[in-house]
Amino acid sequence: MRTGVCYYPEHWPEERWATDAAHMRRLGLSVVRIGEFAWSRLEERDGSLSLDWLERAMNILHDAGLSIVLGTPTATPPRWMLDKYPDMLAVDAQGRRRDFGSRRHYCFSHEPYIDECRRIVSILAERFGEHPGLIAWQTDNEYGCHSTSISYSAQALAAFRGWCADRYTDIRQLNLAWGNVFWSMEYDSFEQIGLPVGTVTESNPSHQLAYWRFSSAQIRRFNRAQVEILRKLSPGRDILHNYMGNFVEFDHHELSRDLDIATWDNYPLGFLTRDSDDAEDQKLFLRTGHPDSSAFHHDLYRGCCNGRWWVMEQQPGPVNWAPYNPSPASGMVRLWGWEAFAHGAEVMSYFRWRQAPFGQEQTHTGVLLPNGDDDVAAAEIAVLNRELDELASLPANALTGNTVHPDDRIGGHASTVQSSVAIVFSYAGIAMQDIQPPGGSGYSSLDFCQRLYGACRQWGVNVDIVSPQAALDHYRLILVCTSTEDDAPLVEKLEAVRREQQPIIALFPGTGSRSSEYRIPDELPPGQFARLIPVRIVRSESLPLRTVLTASDATGRYLNCARWREHVNSPIEPRMRFSDGWGFHYEQERIHYINAIPDDPALRSLAGEWLQQAGLPCRDIGPLVRTQRIGPYRLAFNFGTQRVDLDKHLGPRLDFHHDTQVLIGSRTLDHAQVAVWVVR
Amino acid sequence: MRTGVCYYPEHWPEERWATDAAHMRRLGLSVVRIGEFAWSRLEERDGSLSLDWLERAMNILHDAGLSIVLGTPTATPPRWMLDKYPDMLAVDAQGRRRDFGSRRHYCFSHEPYIDECRRIVSILAERFGEHPGLIAWQTDNEYGCHSTSISYSAQALAAFRGWCADRYTDIRQLNLAWGNVFWSMEYDSFEQIGLPVGTVTESNPSHQLAYWRFSSAQIRRFNRAQVEILRKLSPGRDILHNYMGNFVEFDHHELSRDLDIATWDNYPLGFLTRDSDDAEDQKLFLRTGHPDSSAFHHDLYRGCCNGRWWVMEQQPGPVNWAPYNPSPASGMVRLWGWEAFAHGAEVMSYFRWRQAPFGQEQTHTGVLLPNGDDDVAAAEIAVLNRELDELASLPANALTGNTVHPDDRIGGHASTVQSSVAIVFSYAGIAMQDIQPPGGSGYSSLDFCQRLYGACRQWGVNVDIVSPQAALDHYRLILVCTSTEDDAPLVEKLEAVRREQQPIIALFPGTGSRSSEYRIPDELPPGQFARLIPVRIVRSESLPLRTVLTASDATGRYLNCARWREHVNSPIEPRMRFSDGWGFHYEQERIHYINAIPDDPALRSLAGEWLQQAGLPCRDIGPLVRTQRIGPYRLAFNFGTQRVDLDKHLGPRLDFHHDTQVLIGSRTLDHAQVAVWVVR
Amino acid sequence: MRTGVCYYPEHWPEERWATDAAHMRRLGLSVVRIGEFAWSRLEERDGSLSLDWLERAMNILHDAGLSIVLGTPTATPPRWMLDKYPDMLAVDAQGRRRDFGSRRHYCFSHEPYIDECRRIVSILAERFGEHPGLIAWQTDNEYGCHSTSISYSAQALAAFRGWCADRYTDIRQLNLAWGNVFWSMEYDSFEQIGLPVGTVTESNPSHQLAYWRFSSAQIRRFNRAQVEILRKLSPGRDILHNYMGNFVEFDHHELSRDLDIATWDNYPLGFLTRDSDDAEDQKLFLRTGHPDSSAFHHDLYRGCCNGRWWVMEQQPGPVNWAPYNPSPASGMVRLWGWEAFAHGAEVMSYFRWRQAPFGQEQTHTGVLLPNGDDDVAAAEIAVLNRELDELASLPANALTGNTVHPDDRIGGHASTVQSSVAIVFSYAGIAMQDIQPPGGSGYSSLDFCQRLYGACRQWGVNVDIVSPQAALDHYRLILVCTSTEDDAPLVEKLEAVRREQQPIIALFPGTGSRSSEYRIPDELPPGQFARLIPVRIVRSESLPLRTVLTASDATGRYLNCARWREHVNSPIEPRMRFSDGWGFHYEQERIHYINAIPDDPALRSLAGEWLQQAGLPCRDIGPLVRTQRIGPYRLAFNFGTQRVDLDKHLGPRLDFHHDTQVLIGSRTLDHAQVAVWVVR
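Chains as they are written, first to last, in my numbering: chain G, 140 to 819; chain X, 140 to 819; chain V, 140 to 819.
Just so you know, the hints here were simulated from the structure itself, not pulled from any lab data. Please note: incorrect hints may appear among the correct ones.
Chain copies aren't distinguished; within one or between two, either way the pair holds.
[Claimed, not checked] The calculated DMTMM-like cross-link candidates involving lysine to aspartate or glutamate, where the alpha carbons are at most 25 Å apart (straight line), are:
1) Lys422 / Asp719
2) Lys632 / Asp738
3) Lys422 / Asp738
4) Lys223 / Asp327
5) Lys422 / Asp739
6) Lys422 / Glu149
7) Lys632 / Asp202
8) Lys787 / Asp739
Work the whole structure out from these sequences, hints included.
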């Protein structure tokens with residue numbers, strides 16, 4: 140794994156560039172991302188280009204030995220662009236223009252702006268596409284950030300009507316698909332179709348889903364306009380985009396088809412204070428982030444581009460944008476680096492090199508302080524890089540008999556992360572649940588998926604998070620938890636896998652509960668998934684936050700559920716029953732249907748049972764420690780404040796033996812510490 | 140009482156209609172409502188009518204023995220209507236059009252749309268007005284749903300100016316009435332009058348009240364346009380509208396003057412999770428609804444059309460629209476049916492026949508599942524109808540000596556529900572309190588009224604809820620709790636009743652505290668109500684939620700109050716005093732003035748005292764059981780989870796004797812169970 | 140101190156005026172404010188003046204012996220003004236016009252409206268400027284009330300562009316100052332500058348700060364337009380404006396330069412229930428207001444106009460506008476009067492004379508009830524005035540040997556309130572912190588400043604609150620807690636004071652953390668304040684509400700902090716350390732840097748230490764009692780419910796000796812009671 144940093148030469152005096160580049164190298168950094176917000180300096184007036192400074196900057200960075208990622212600057216069109224296209228701005232759900240003065244001030248459906256993007260990207264690619272220091276292009280920056288995935292502009296509406304005409308051909312077909320007869324909502328022509336917002340009460344969920352699909356497709360289309368140019372003019376360079384965390388507003392699997400590498404921006408403490416509604420987690424993990432937060436996204440984005448992924452922006456200290464911005468615990472910057480390594484990152488890049496003393500993010504820390512001195516992250520990054528070098532140079536064969544990659548620090552190749560557990564992850568499925576939350580007000584299916592991931596991880600196993608289109612034949616445990624859509628190809632694939640490999644397959648509430656047009660399947664949920672296990676959902680209920688439902692069996696074993704429960708008709712006797720007689724947990728021939736939302740202990744119990752049945756080495760390591768295997772190595776991470784003895788805590792089932800020699804770290808892990816050893 | 144169901148033939152293949160009709164009959168249903176959202180199928184293009192399918196549907200239903208209620212489809216104008224009248228949409232308080240794409244997308248003040256409604260109603264009435272299966276018309280659907288009572292459109296403003304000119308004649312008169320001198324808000328002409336929203340700080344409460352009265356009158360006017368046509372073209376058929384629960388945004392007493400029957404839509408679990416702010420209630424009654432919720436509205440709407448009322452839509456299972464949508468406890472569908480019977484419903488109709496697999500309400504359950512199989516409500520409805528038949532056929536005379544209606548299942552006739560207790564309920568009075576809540580932020584006078592109702596019901600008595608215009612001469616206890624308006628005719632009526640019958644009369648905080656123009660009465664509150672008891676309110680205070688004020692007397696008896704308290708000047712010595720010396724509870728010659736908001740135990744204590752003084756048979760039956768007398772019967776309902784022994788719990792004071800023979804149910808009531816017996 | 144009242148002759152029949160005036164005098168009131176909302180009666184149509192009634196009113200009031208404050212009526216332009224200037228309305232952050240129908244419906248940047256204000260003020264000043272009863276003019280009313288300080292109208296934007304052109308001359312200068320390169324936000328011309336709202340994500344904080352400064356300047360400019368006329372046409376009369384509580388939306392120090400007297404509107408109970416987020420305070424002080432609330436503002440506004448200040452509106456009973464409006468405890472109206480006296484008020488004026496039975500504030504109590512009878516405040520005001528008379532007439536010299544002002548009731552002259560403690564208060568500094576709250580979501584630097592004030596006050600000392608421009612040379616303890624701006628003149632002044640007087644100076648988090656253009660200083664925070672003490676802030680973190688950080692020293696002494704913490708680099712050894720090693724509390728040569736937000740006990744501990752080191756007589760009197768010295772007097776106030784023995788509670792350190800003779804009140808203070816005595 141290489142490390143890198145995000146750098147803004149346009150923010151600093153040119154005489155400082157070489158100093159910065161040399162210092163980056165001293166810290167062990169070898170990748171640098173530049174350019175993604177610099178349009179106003181690349182083209183100060185319409186057509187008036189100033190590319191020389193960028194070339195000088197690239198030369199300096201390259202000369203210092205840094206590999207360059209160049210960002211296309213399309214997330215921040217300059218002010219003069221607005222004079223040309225006053226209607227290029229996105230429009231929010233209340234019909235208000237989302238104005239110039241920050242960033243992402245454009246609508247994905249504005250064709251002239253897309254042409255402007257083609258133009259600037261062509262100019263940059265022609266000039267720099269074969270620069271010797273250039274290794275990759277980043278398209279735009281954080282698509283969808285600040286709720287920009289969806290725009291309700293006139294351009295968007297016109298494009299949506301066209302999208303509908305393409306999809307349904309005949310307006311009567313659309314009326315039928317959406318069930319518009321329901322409240323006399325039938326259209327006479329595509330030109331009458333409106334936006335799914337601003338209606339008297341909620342708009343038709345089919346309409347909402349169509350608009351989500353359309354908006355997601357528009358982003359992919361916008362991105363592809365740049366990719367096509369870059370492929371042509373900058374051969375051999377990777378194309379990537381930087382995705383975000385806890386963000387599912389468009390289909391990342393779809394967009395990733397056009398990229399070489401999926402990268403993402405990882406701010407563990409910001410995500411916790413912004414997104415968690417668990418007060419205990421907020422307290423326990425205030426300075427470490429949630430133990431599953433980084434790993435979940437690492438595994439999710441590893442599933443996007445055939446295993447190639449980076450962290451493009453990594454939190455180095457307090458950020459500026461969360462409700463509360465605490466300082467990371469000492470050691471966490473290093474830990475997060477090793478964690479990315481363990482999940483197979485090619486590159487771990489920090490945001491940002493030097494804290495800007497101006498602008499919106501002036502309280503976002505960097506590797507350097509605003510005055511150019513080292514901030515505390517610098518030292519941890521230097522340590523991380525020394526340790527990575529050390530590991531790469533170890534005579535690992537001698538240690539273990541295993542083949543350790545001799546020429547690489549490991550990482551960045553899907554093949555190096557092996558997992559027997561897959562979570563099937565559907566962006567559209569999550570969107571469908573968000574449109575009409577089946578778990579009631581505030582229920583989040585993304586959060587449930589992360590909790591399920593965490594339940595597996597607390598047994599010490601690697602987990603893949605894969606798209607519904609991914610191959611599933613090498614997994615021993617397959618968890619289907621966001622596949623709201625009644626997805627025939629997925630069902631067929633699961634049936635095939637089941638015939639061949641007999642993995643354990645678990646389906647969770649809501650699976651197959653809607654057609655692709657957002658209708659309840661004719662044969663009731665789980666639709667065609669019932670070919671895997673004969674269950675029919677005849678009722679679904681949502682429950683207030685504090686309502687706990689306990690399911691138990693004759694032996695007295697019990698599990699607690701909450702939020703959402705389905706009533707199942709099935710010839711199968713349920714494994715447990717709730718006190719009112721509703722069944723819970725249907726199983727037949729290694730296929731499980733879980734018809735309620737288990738709480739964390741229940742999820743962990745179920746995960747453990749399945750992992751053991753699947754014959755996977757695992758052990759309950761609790762909520763505070765995490766471990767991951769990559770290539771010949773296993774790593775362990777301690778997010779808790781108590782010291783952990785790896786002998787006792789992991790033991791042989793998780794590759795830690797009394798004579799295991801720890802290469803990085805030690806046999807006991809303190810708070811925020813890491814250990815790395817070679818698997819026997 | 141008959142039972143019925145809401146049916147949408149346009150949602151299902153025509154070949155299914157007869158099957159459905161036959162199955163309805165099998166379950167004992169005999170009434171069916173259709174048509175209220177079908178405009179886009181009745182008139183696919185402007186003027187292009189398709190009425191034949193509706194006639195075929197009506198014929199099939201009628202042939203199966205079902206009585207038909209036909210809804211006018213005016214709550215869902217088709218999309219082409221918008222092309223004709225782009226300005227027909229309502230406008231919200233932020234000035235945004237409330238757009239097409241769901242329902243109720245029209246402004247009550249749009250004259251051309253009202254003409255379109257006249258046109259379609261005339262067409263339907265001409266074609267179907269004398270159909271032999273037709274027993275009633277429903278106008279539109281749920282007036283005011285989704286906050287549509289009030290529109291801030293240009294049409295509405297113009298109509299409001301006209302309404303003001305009619306009411307005040309001279310703009311100086313309006314300025315004087317509203318006290319516009321207060322902040323130089325005086326108008327020079329009616330054309331200058333604006334909307335009472337969008338102002339820098341709150342607009343004049345007199346202005347707000349006028350706009351509320353105007354908006355309420357516009358709804359009545361809109362409704363009357365249809366009624367006039369239906370009266371003429373469909374003689375002998377009842378005209379009704381379906382009101383809602385916990386909804387007071389227009390004056391239902393006024394609108395009901397034009398109807399034959401008041402019907403309402405009863406979703407007990409939805410109301411609880413959406414409207415209750417009591418965490419304990421949310422837990423206790425999650426699967427039953429609050430014990431007073433249905434009954435309160437039954438009694439409220441029984442007071443609207445001379446005792447004639449229905450439930451038009453009854454919850455059969457989880458709904459889709461509340462924050463949480465739990466499944467009703469087993470037995471509740473039957474219990475709600477008997478409860479409607481006990482309060483005198485003519486018809487109890489379920490919403491909806493078959494769960495729609497498409498559209499906004501696809502997770503709203505029905506009597507049938509989306510696939511056409513029976514959902515669980517079907518069985519409970521069948522039982523209810525068998526028991527109703529059984530009761531109707533009993534030789535009740537032999538049992539009791541009372542005359543039991545021999546030819547009817549009871550219900551639907553005001554005379555059959557006898558009550559000696561009345562709550563005077565003023566829609567305008569509630570609106571006035573909502574404009575400037577005298578109980579502070581979040582205080583709801585509707586909620587207080589329901590708690591007062593519940594306090595009486597916990598003593599086992601029947602309660603009438605009546606309009607301020609209703610006759611009061613047959614009551615022994617009269618509770619005046621929402622009459623904010625200084626209502627001279629009501630005062631005169633109370634004085635007359637007091638002279639003749641000496642009932643106990645209790646006035647609650649805020650009574651007579653504003654003139655009809657929203658001014659404090661010259662002689663201070665309670666205005667002319669002081670003719671009943673010499674009290675003057677010299678101060679009113681609101682208190683934070685958790686502040687409890689305890690009033691006590693010399694004997695140590697105490698009651699707790701909260702939220703709102705008035706300081707009374709009076710020659711009468713108060714019955715109790717608060718610790719700071721303010722008096723509480725003034726009484727003189729059977730007239731009581733309660734000058735603070737008692738908590739539930741205090742309200743129950745006061746209600747019990749008054750009922751006993753009034754000589755009414757009553758007994759404290761606590762918060763979980765309810766009982767109601769109708770005709771010769773008394774019924775009891777158990778909303779709690781503990782079994783209740785009627786001998787001990789009700790006893791002779793509430794008509795249950797050791798030798799009482801229970802006709803339906805048994806002497807002990809389990810959770811969600813009902814008992815019916817004949818009063819000796 | 141004189142007492143007064145706000146009166147609206149235009150609300151009452153002319154025949155009542157003399158009665159009211161006589162009754163005012165009977166209660167001891169001698170000042171009356173009139174006219175500030177009467178424009179629609181002074182000029183019913185454009186140009187059609189009706190000033191005679193006002194003259195008659197003034198004559199009646201004057202003849203009764205009342206001194207008159209005349210308000211300019213510009214806060215409530217009449218409705219016809221809108222017909223002339225439909226664009227005169229302010230526009231909110233969502234782009235909506237803030238409409239006619241209440242008050243303050245104008246934009247400070249609308250030139251024609253400013254001309255109209257000049258016109259009406261000229262007319263009034265010409266007619267009444269030398270009326271013998273007139274002692275002062277109030278300009279407009281409560282600038283900024285209802286969030287009107289900032290308008291986003293087209294006029295405001297145009298004026299802002301001009302303001303920017305004046306300030307920065309060259310657009311490149313502005314781009315540089317604001318750091319617009321950050322996200323390609325650079326402008327090509329001043330005409331491209333937009334509003335700092337409606338952007339996709341937050342706008343540039345430099346842009347926000349500039350708009351705040353501009354808006355603040357526009358208010359001063361608006362006010363000055365009136366002041367210039369009044370100075371000319373009404374010689375010898377004071378000019379004042381009535382400010383508000385807990386309100387910092389514009390720079391009051393700046394505007395005050397144009398006034399003679401700062402007055403403010405004091406509603407202690409309303410402020411508590413509206414603004415406090417401390418549940419315990421809300422309970423303890425429900426009926427008294429927070430013990431520091433009035434005093435803090437008295438001291439703040441005493442610092443605005445060279446010590447001349449009034450309370451222009453004082454709460455007499457429940458108000459109408461807070462979330463909850465409780466009744467003040469018996470005695471509080473009198474207590475608040477004495478408190479104003481103690482802090483040096485010239486006038487204490489009640490709002491309002493008689494409760495209006497109409498309009499928006501009809502539930503706002505007055506001195507009289509709506510029917511004209513005395514409300515309870517009347518009696519307390521009469522007592523207060525008798526006691527003030529009594530005190531003024533006492534042969535105080537005989538009692539004490541001190542010189543007691545023989546001809547005045549004391550108050551109204553800065554010299555009479557002596558303080559050795561100063562809090563430097565910066566409006567711009569607070570605005571800067573509110574733009575990007577360094578203490579995280581919901582953190583309020585104004586609230587912290589009030590807590591710091593309270594910590595001092597709990598040691599029994601007088602406190603001055605002064606502008607950054609104020610002279611500081613006579614203070615022994617100087618607290619710098621809102622000086623976010625890196626303020627060179629302030630630093631120089633502090634250095635000078637330090638050289639000469641060696642006061643104790645304490646700097647609090649955020650001091651000097653931003654340049655005047657909202658950038659982090661090049662040398663890091665605290666910028667030039669580091670000349671006072673060598674500290675550099677290298678990191679700042681914000682923390683969730685319930686996170687407590689404990690700092691301790693080797694002796695085991697500890698203090699708790701929360702919300703916000705800075706990491707300090709310094710050659711100085713910190714006095715304490717947090718458990719993670721960060722230092723806390725840096726001190727060198729009587730200069731302290733406090734680098735986290737102490738909780739209340741910690742603040743009290745620090746304040747006590749400093750006061751004692753400064754050699755000031757002080758004693759911890761706890762959170763419920765307050766005391767203040769003025770001239771020869773000391774006063775004590777009991778906000779708690781327990782009786783307080785002044786001998787024990789204050790004792791000699793706070794001027795209470797065993798033989799002290801209490802002039803007003805007694806040696807033991809009950810709830811809401813006051814004591815006044817002469818300092819030995």
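### Task
Measure nothing new, just compare the shortest in-copy and cross-copy C-alpha distances for Lys632 and Asp738 to 25 Å and report within, between, both or neither.
neither (29 Å within a copy, 60 Å between copies)
### Intra- versus inter-copy proximity for Asp739 and Lys422 (alpha-carbon distance at most 25 Å)
Cα proximity of Lys422 and Asp739: in one copy and across copies (17 Å, 22 Å).
### Message
When Cα atoms must be at most 25 Å apart, do Lys422 and Asp719 count as within-copy, between-copy, both, or neither?
### Response
between (36 Å within a copy, 16 Å between copies)
### Task
Go through the copies and call it for Lys787 and Asp739: within, between, both or neither, with a Cα cutoff of 25 Å.
within (23 Å within a copy, 45 Å between copies)
### Task
Since the copies are identical, ignore which copy is meant and state whether Lys632 and Asp202 lie within 25 Å (CA to CA) inside a copy, between copies, both or neither.
neither (50 Å within a copy, 50 Å between copies)
### Query
Is the C-alpha distance from Lys422 to Asp738 at most 25 Å within one copy, between copies, in both cases, or in neither?
For Lys422 and Asp738, the Cα distance is within 25 Å both inside one copy (19 Å) and across copies (19 Å).
### Task
Evaluate Lys223 and Asp327 at a C-alpha cut-off of 25 Å and name the case that applies: within, between, both or neither.
between (36 Å within a copy, 14 Å between copies)
### Query
Which holds for Lys422 with Glu149 at a C-alpha limit of 25 Å: within a copy, between copies, both or neither?
Close neither inside one copy (39 Å) nor across copies (55 Å); limit 25 Å.
Hint compliance for this structure: hints 2, 6, 7 are not met, and every other hint is.
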